[in-house]
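Trainee: Each chain, written out:
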Amino acid sequence: MNKGAVGRGEEKEKEKENGKEKEPRLSVNLAENVDTIKRAFSYPVNRALVVRELFAASLQREVTVLFLEGATDTESIESQIIQPLVTKTLTLLRHHNAVTVTMEEILTSSSVRTTSLFQDLIHGLVNGGTILLIQGEAQGLTMDTPGFQSRSITEPQVEHVLKGPKEAFIESAAANRSLIRKQVRDHQLMSEVVTVGERSMNEVSLMYIKNLADPDLVTEVKQRISEIQADTVPNLSMLEQHIEERSYSLIPTALLTERPDRASSFLMEGHVILIMENSPTAMVVPITFWSLFHTPEDQYLRWAYGNFIRIVRIFAVFVALLTPSLYIAVSTFHEEMLPTDLLLAIGATRERVPFPALIEVLLMEAAFELVREAAVRIPTIIGPTIGIVGALILGQAAVEANIVSPILVIIVAMTGISSFTIPEISFNFAVRILRFIILFTASFMGFFGIALTLTCVISYMVSFKSFGVPFLTPLSPHDRSSKDLIVRPPVWKQWLRPFYTNPQDKQRKKKPEGPS
Amino acid sequence: MKLLKMLPFLPLLLLLSGCWDRLELEEQAFVVVVGLDSGPNHTVAVTFQIANPQVGSSDKGSAQNEPPSDIVTFNAADILSAKELANSVITRKISFAHLRTVIVSQEFAKSGLFHRILGSSVRDPEMRREINLIVSKEKASDFVKNNKPKLETRPHKYYAFMQERWRDTGYVPYSTLNRYMQRLGDDTLFLAIYATASKKETKYSKNEDNYLAGQIPHKGGDPVEIMGSAVFRAGKMIGTLTGEETRYALFLRRKSLTHSFIATYPDPLNEEYQITCRFMKNGKAKIKMNAKSDPAQVSVRIPFRVQVLSTASFVDYASDAEKQRQLKDGLQRKLADRIKQLVAKTQRTYKGEPFLWHLIARNQFWTLDEYESYNWSEQYTRAQVQVQVDLTIVNFGKQVEPPIMHISGDEQP
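As you go down the protein sequences, you meet chains L and A in turn.
Heads up, the first sequence is in UniProt numbering, so the first residue is 1 and it goes up one at a time.
Heads up, the second sequence is in UniProt numbering, so the first residue is 1 and it goes up one at a time.
Among the clues, some could well be false.
To be verified - For lysine-lysine, the following BS3-like pairs were computed, each having C-alpha atoms within a straight-line distance of at most 25 angstroms:
id: 1; chain 1: A; residue 1: K398; chain 2: A; residue 2: K323
id: 2; chain 1: A; residue 1: K281; chain 2: A; residue 2: K334
id: 3; chain 1: L; residue 1: K483; chain 2: L; residue 2: K506
id: 4; chain 1: L; residue 1: K465; chain 2: A; residue 2: K2
id: 5; chain 1: L; residue 1: K465; chain 2: A; residue 2: K5
id: 6; chain 1: L; residue 1: K182; chain 2: L; residue 2: K163
In short, the hints are calculated from the structure, not lab data.
Could you build all of it, start to finish, from the sequences and the hints given here?
Mentor: The structure is reproduced here in structure tokens:
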């Protein structure tokens with residue numbers, strides 16, 4: 001599969017090179033150039049393009065300023081571009097080239113580039129830039145004046161913590177990058193841009209710490225993004241599906257986090273962070289299994305507290321995964337495992353239930369999944385209804401009507417609650433789907449079935465990789481790390497970076513001395 | 001992708017897998033007690049006590065007019081065929097998964113058939129080795145029927161709780177199917193719990209533990225009395241031990257399950273009254289054996305710590321070291337005497353020991369053949385057994401001195 005991808009990539013490169021030679025260039029005629037751009041944007045039918053014709057006093061020439069409405073910040077255009085052009089009068093010109101004069105002496109905009117290709121101008125326009133065309137010059141100027149609307153930075157919606165920063169990523173890539181830069185004040189923090197998509201050219205920012213991250217990893221990630229052949233890749237969640245290792249796998253190989261602090265802690269371990277416009281998250285690659293149920297809070301809380309909540313969450317994973325299947329296995333195959341009293345109590349309540357235990361569990365699980373899905377889709381205003389309906393139907397009425405036995409309500413409730421403790425959405429889904437698979441095998445083969453499925457799942461997890469990193473490392477295959485896996489050591493003892501990311505600097509600090 | 005296309009067919013695979021032994025809970029009848037009696041023509045009468053799950057559980061599943069258990073008896077060649085036969089009467093599939101208690105009638109236990117029936121039933125994986133073995137004085141079916149504990153609704157609960165009490169008091173041994181199987185050999189005796197639900201003779205003893213089941217002077221409550229032990233030799237019952245003897249027998253083992261018991265003995269300074277003490281085993285019993293000499297020499301030292309709980313004679317032991325010494329000597333002598341009597345009884349009457357001394361005897365030989373030709377059980381009947389009891393009086397209770405009271409001469413009994 002990889003070979004094919006590489007082959008396709010090469011073809012694409014060639015096409016690009018050929019295309020470049022034929023790409024239209026600007027002419028010296030201003031009106032002609034403006035017309036070409038107007039045509040590209042179907043002006044005047046499309047009223048988004050704003051064309052402002054001016055006479056630049058300093059240059060003594062006609063100039064045209066173009067920008068897209070809604071994509072730009074008009075105030076900065078006015079103060080940084082139009083005003084200087086019109087009002088500045090230069091007595092002494094240091095250059096004869098009008099473009100250089102404009103760039104260096106007239107415009108006060110912070111970023112100005114010159115180009116002679118129409119494609120670059122159009123690309124600049126759609127990305128919120130302003131372009132300036134000058135009469136008699138075969139070059140245009142593009143300036144960054146982005147003014148896309150976005151919400152302000154708020155608290156995280158999914159990854160809450162009690163103790164720790166309360167900032168979350170928003171949909172603006174620039175703001176997200178700045179949030180990360182705020183956490184990692186390192187001059188080696190790189191922010192590369194790779195474009196993706198063939199029709200709508202979206203930009204992916206690749207962030208990593210240059211003297212830390214493995215250069216091969218960075219190349220690998222860039223390679224995978226550049227090989228994507230898609231019309232458009234609107235955001236990170238879609239990008240994840242394009243570049244992940246196994247599309248049909250239940251278990252995710254990339255992590256999306258909405259917390260800048262979490263993203264930057266991954267940066268400091270030598271991971272690569274991807275940020276895209278329109279995504280209120282940052283994508284972390286590569287990841288290991290352990291990061292799926294870690295939260296930043298584990299590190300923020302003191303050693304004992306952090307480990308306590310971590311153990312609770314690991315326990316919850318097992319509860320969410322196994323409780324219904326254990327109930328089925330025990331009640332239909334291994335009755336001798338139950339204490340006699342419990343057995344009789346379950347037996348007594350089951351006596352009037354018309355379904356076998358498996359159907360009973362499936363009914364309740366299906367009901368719970370429905371409630372959960374409804375709770376996500378339901379408009380917030382009528383949200384509380386779902387709680388009442390869920391509680392009444394699941395808890396009370398189903399038992400009263402002898403549809404299910406009371407113990408099952410406990411089991412399904414426990415399972416449901418436990419699955420909410422898994423912070424990562426993808427992993428949450430993986431656990432929920434696996435639960436049903438294990439449920440079926442348990443109902444056919446009892447504990448043997450559960451053991452069989454778990455063996456399959458674990459051997460699968462051992463065998464696959466995320467961007468070249470084995471998924472269960474550093475546990476298996478064993479690798480040196482700061483041992484922050486199942487439980488974590490005190491912060492001062494975490495002096496090693498995980499070796500699996502192959503960081504260029506393997507130590508965070510010197511090995512602590514003294515009694516451990 | 002190919003795998004994904006096969007996905008709809010994967011559930012079909014499951015149909016081929018082994019779900020034949022699956023059974024819903026409510027489709028099974030859980031036998032909690034099995035009673036064994038001898039039937040005609042070498043058959044065995046098997047009594048099943050089947051728990052009714054709907055009684056005594058939550059309100060949601062309760063059925064008011066049903067009894068807590070159903071008791072049925074079948075005559076069959078063995079337990080497992082009786083289990084099959086039972087399904088001609090019982091609607092649900094009989095399951096031994098929660099069987100914890102087997103009651104054997106004394107008559108059946110003394111017959112040669114007992115071992116053949118019980119020993120062969122172990123092949124059933126549901127017959128677990130933790131099953132408690134109880135020998136009843138009367139027919140097991142009568143015992144099961146008459147056992148109606150007032151506090152427990154469910155029959156299994158009675159046995160589960162009683163088992164814990166047995167461990168505390170040591171009136172009865174800890175007898176499971178597993179221990180029975182372990183002690184089938186000729187060189188050791190197996191002690192099983194002895195019980196009865198029919199009261200015949202009531203005996204009055206000053207020592208509260210010198211009873212056999214059926215002799216305890218109790219009124220009211222459950223008719224069942226569980227006290228003492230049935231002695232088995234090579235899978236056949238040969239006699240009984242009283243509660244007191246059972247206690248000593250348990251303490252004569254190197255390691256015993258029971259760690260303390262409360263017993264009364266005549267006050268050495270005033271034999272009219274009893275003195276109540278808690279005896280706590282202080283470490284393992286030290287058993288020394290010389291199998292080379294003839295007869296074999298066995299010396300046993302049992303260390304006890306003693307709490308004096310009540311002195312009905314009002315002798316002030318707490319503040320008098322001399323009296324304490326007398327108390328200690330008196331108790332040591334009494335205890336050692338009674339233990340010696342028990343040892344003599346096992347040597348003479350039962351011709352074997354239930355104290356697991358054969359394990360110590362076995363250590364004296366290099367090969368198993370040597371040990372077997374030594375014939376321990378025969379040697380034991382002639383062995384010289386020294387018993388010594390080491391008492392340490394730890395305290396005299398919360399109030400150390402007796403209450404001050406002036407008793408006139410004629411009031412004394």
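Trainee: Each hint needs a verdict: does it hold in this structure or not?
Mentor: Evaluation of the provided hints:
1. A:K398 / A:K323: 19 angstroms, holds
2. A:K281 / A:K334: Distance ~17 angstroms between A:K281 and A:K334 Cα, so the pair holds.
3. L:K483 / L:K506: 14 angstroms, holds
4. L:K465 / A:K2: Roughly 21 angstroms separates the two Cα atoms, so the pair holds.
5. L:K465 / A:K5: 24 angstroms, holds
6. L:K182 / L:K163: Holds: L:K182 and L:K163 sit about 19 angstroms apart, inside 25 angstroms.
In the structure shown, no violation is registered for any of the earlier numbered hints.
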